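A.B. asks: Which chain is which? The protein sequence lines are W and R, in order.
The working numbering puts the first residue of the first sequence at 1, with every later residue one more than the last.
The working numbering puts the first residue of the second sequence at 1, with every later residue one more than the last.
No lab work stands behind these hints: they were computed from the structure.
Hints should not be assumed to be uniformly reliable.
[What the hints assert, rightly or not] Only part of the chain R face toward chain W is listed, based on derived beta-carbon distances under 8 Å:
| # | residue |
| --- | --- |
| 1 | 22 |
| 2 | 25 |
| 3 | 55 |
| 4 | 78 |
[Claimed, not checked] Under the rule of at most 27 Å between Cα atoms (straight-line distance), these lysine-lysine pairs were calculated in the DSSO-like manner:
| # | chain 1 | residue 1 | chain 2 | residue 2 |
| --- | --- | --- | --- | --- |
| 5 | W | 91 | W | 109 |
| 6 | W | 23 | R | 11 |
| 7 | W | 91 | R | 11 |
| 8 | W | 23 | R | 40 |
| 9 | W | 23 | W | 91 |
In this text the structure is predicted, and so the values were computed from the model without any measurement.
All C-beta atoms, glycine included, are put in the ideal place defined by N, C-alpha and C.
Now for the letters of each chain:
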Amino acid sequence: MPVNTAAIGKSYAPTTYAVGREKIREYAYAVGETNPLHLEVQAARAAGHSDVVAPPMFAAVYSSPAIGPALFDPEVGINFALMVHGGQEFKWGPLVIAGDEIETTVTVKDISERSGTGFYVFESVSTNQDGDTVCVGTWTNIVRGAA
Amino acid sequence: MKAGDSIPEMKVTPDKYLTVRYAGASGDFNPIHIDEEFAKQVGLPGKILHGLWTMAQVARAQTEAGGGPHSLRRLQVQFRGMGLPEHEVTVTGTVYEVRDGVAIVHTVAEQDGKAIIRNAEAEIAVE
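Between the sequences and the hints, there should be enough to build the whole structure, so can you do that?
C.D. replies: Have a look at this one:
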C-alpha cells in the first residue's frame, strides 16, 4: 500500500508560545550551555538584550506545540511504532529573548515513499511579536515499512 | 575562519539522568528516552538520547566557534543510529568554504566511533 499523499500542503492552526526566562535557563542547563547570555540576566542586558537569550536550538521547544498536531494527524497517517526522526534543519532569524511571544505555523511539506520507506516532511515557520521570522524548521520523519 | 580550518572539538558525556532533564526542558517525554524497561521492550539497548539534544550539542560547537548564539544562521542534520547516555559524544567540524561573510561548516557528532549525527552542515556568520 503506497503512502497517502493527500495531506501534502495542509496547514494547521498556529500556536503561540510565551518564552519564559526560567524555561530558557532550564533548557540551557539541559543542553550544557555555558554562555552567560542564556543564563544571567545581567550578562544579557550588558550585551544589549532585554532579558536572557534563547539558545538557537530552543526552537525545538517553541515549535513543538505546533508540530504535535501535524505528526498525530490521522490524515497524515504516521505509524508511530515504526517512526524515527530522520533529519532536521533550522534556519534562524533574529534572536529569541525571554518575554517574546512566538507564533508557529506548521505545513505538511511533502510525503513520499522510496523502497517501502515513507518520508514525512513538515515545515514550521515561527515569528515573534514584531512579525520577524525567528526560525524556519524542516522536520523529516522516516517510517520504515510504511508502504 | 577559512576553508579547511577545524572548529574546536567539543566533548560531552550525558549523565544517567540527562534524558530526564532534557525531557522536562523540551517537553518530549517519549518513553524510549526516559524509561529503561520500555526502551528494552521495544528492542532498544536501553534509554536513548533525544536526537534534538544531540543536535543541540552540534549547535553549541558552532556557536562557540562563531562567538555566540547570533552567529548560527542555519543547521541541517541527519540522525543515524542511537545515542546512548553515559557514552561520550564528540562533535567535530571543518570549514568547507567562506562566502559573503558566512562560513559553511561540515560537522558530525560521534559516539563510540560511530556517527550519530552525520552529513550535517552549519552556516556561521563571520565578521
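A.B. asks: So, for every hint listed, does it hold in this structure?
C.D. replies: Hint check results:
Interface hint at residue 22 of chain R: satisfied, since its Cβ lies 5 Å from the closest Cβ of chain W, which is below the 8 Å cut-off. Hint status for residue 25 of chain R relative to chain W: holds, with the closest Cβ pair at about 4 Å, below 8 Å. About 6 Å separates the beta-carbon of residue 55 of chain R from the nearest beta-carbon of chain W, less than 8 Å, and the hint is met. Here the hint on residue 78 of chain R is kept, as its CB sits about 5 Å from the closest CB of chain W, short of 8 Å.
Pair hint residue 91 of chain W plus residue 109 of chain W holds up; C-alpha atoms about 16 Å apart against a cutoff of 27 Å. Taken as a hint, the residue 23 of chain W and residue 11 of chain R pair is honoured in the structure, with Cα atoms around 25 Å apart against an allowance of 27 Å. For the hint linking residue 91 of chain W to residue 11 of chain R, the alpha-carbon distance of about 25 Å falls within 27 Å, and the restraint holds. Pair hint residue 23 of chain W plus residue 40 of chain R does not hold up; C-alpha atoms about 31 Å apart against a cutoff of 27 Å.
Straight-line distance between C-alpha atoms of residue 23 of chain W and residue 91 of chain W comes to about 22 Å, which keeps the hinted pair within the 27 Å bound.
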